[in-house]
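**Student:** Sequence:
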Amino acid sequence: MKRAFLGEFEEVVLLTVAVLDESAYGVTVTQEIEQKTGRAVGFSTVHTTLQRLEEKGYLSSKMSGATAERGGRRKRFFTVTAAGRKALMEVKSIREQLWDALPPQTLQLMGG
-4 MKRAFLGEFE EVVLLTVAVL DESAYGVTVT QEIEQKTGRA VGFSTVHTTL QRLEEKGYLS
56 SKMSGATAER GGRRKRFFTV TAAGRKALME VKSIREQLWD ALPPQTLQLM GG
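The working numbering puts the first residue of the sequence shown at -4, with every later residue one more than the last.
No lab work stands behind these hints: they were computed from the structure. It is possible that part of the hints are untrue.
Stated by the list, open to error - Cross-link-like lysine to aspartate or glutamate pairs, in silico, EDC-like; alpha carbons within 16 Å at most:
#, residue 1, residue 2
1, Lys87, Glu17
2, Lys51, Glu6
3, Lys81, Glu5
4, Lys81, Glu29
5, Lys81, Glu6
6, Lys70, Asp16
7, Lys87, Glu3
8, Lys57, Asp16
9, Lys87, Glu5
10, Lys70, Glu17
11, Lys51, Asp95
12, Lys31, Glu6
13, Lys57, Glu17
Said to hold, decoys possible - Quick list of the computed label-pair ranges, beta carbon to beta carbon:
#, residue 1, residue 2, range
14, Asp16, Gln46, 16 to 22 Å
15, Ser56, Gly2, 15 to 21 Å
16, Ala77, Lys31, 22 to 28 Å
17, Gly60, Leu97, 48 to 54 Å
18, Thr32, Leu97, 19 to 25 Å
19, Pro98, Ser56, 41 to 47 Å
20, Ser56, Phe4, 14 to 20 Å
21, Ser18, Gln46, 15 to 21 Å
22, Trp94, Arg34, 18 to 24 Å
Backbone N, C-alpha and C fix where the C-beta goes; we use that ideal spot for every residue, glycine too.
With the hints as extra help, turn the sequences into a complete structure.
**Tutor:** Right under this line is the structure:
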């Protein structure tokens, strides 16, 4: 079985799409990441990452209807696929194993 490899930003974007559920599109994903992480991210960076995650099969997308407030343009909404959910669970498991393996003195040095 091939293991999922996600970069840190890919993981953040994939998690954010999962959090936003049916309202996940480029702008809302960008805003949510900035709000939750306190980190400024460019829309084009998020958009590129969304496309890459879709190409990997972790996301699927569909176009919405055109709206007047967007000048007749449509939005592309993203949802996490079964493969995306599996990848997130694998990453979560690996992170938990690593945190659990830390020696107690390391956490003390980290102020934990």
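**Student:** CA of Lys51 to CA of Glu6, is that 16 Å or under?
**Tutor:** Distance ~13 Å between Lys51 and Glu6 Cα, so the pair holds.
**Student:** For the pair Pro98 and Ser56, does the Cβ-Cβ distance stay inside 41 to 47 Å?
**Tutor:** Once the Cβ atoms are compared, 44 Å apart, the range 41 to 47 Å for Ser56 and Pro98 holds.
**Student:** Looking only at beta-carbon atoms, does the pair Gly60, Leu97 fall within the given range of 48 to 54 Å?
**Tutor:** holds, 50 Å
**Student:** Asp16 and Gln46, beta-carbon distance inside 16 to 22 Å?
**Tutor:** holds, 20 Å
**Student:** Hey, Lys51 versus Asp95, does the alpha-carbon distance stay inside 16 Å?
**Tutor:** The hint is violated at about 29 Å.
**Student:** Lys57 and Glu17: Cα distance at most 16 Å?
**Tutor:** holds, 11 Å
**Student:** Holds or violated: Lys81 with Glu6, Cα cutoff 16 Å?
**Tutor:** Distance ~12 Å between Lys81 and Glu6 Cα, so the pair holds.
**Student:** Holds or violated: Lys70 and Glu17, Cα atoms, limit 16 Å.
**Tutor:** holds, 12 Å
**Student:** Below or equal to 16 Å on CA atoms is what counts here, so check Lys31 against Glu6.
**Tutor:** holds, 14 Å
**Student:** Given the hinted pair Lys81 and Glu5, is their alpha-carbon gap at most 16 Å?
**Tutor:** holds, 14 Å
**Student:** With respect to the beta-carbon atoms only, verify the hint that Ser18 and Gln46 lie 15 to 21 Å apart.
**Tutor:** At roughly 19 Å between Cβ atoms, Gln46 and Ser18 fall inside 15 to 21 Å, so the hint holds.
**Student:** Quick check on a hinted range of 14 to 20 Å for Ser56 and Phe4, using CB atoms only.
**Tutor:** holds, 18 Å
Checked against the numbered hints listed earlier, the structure breaks hints 1, 4, 11; every other hint is satisfied.
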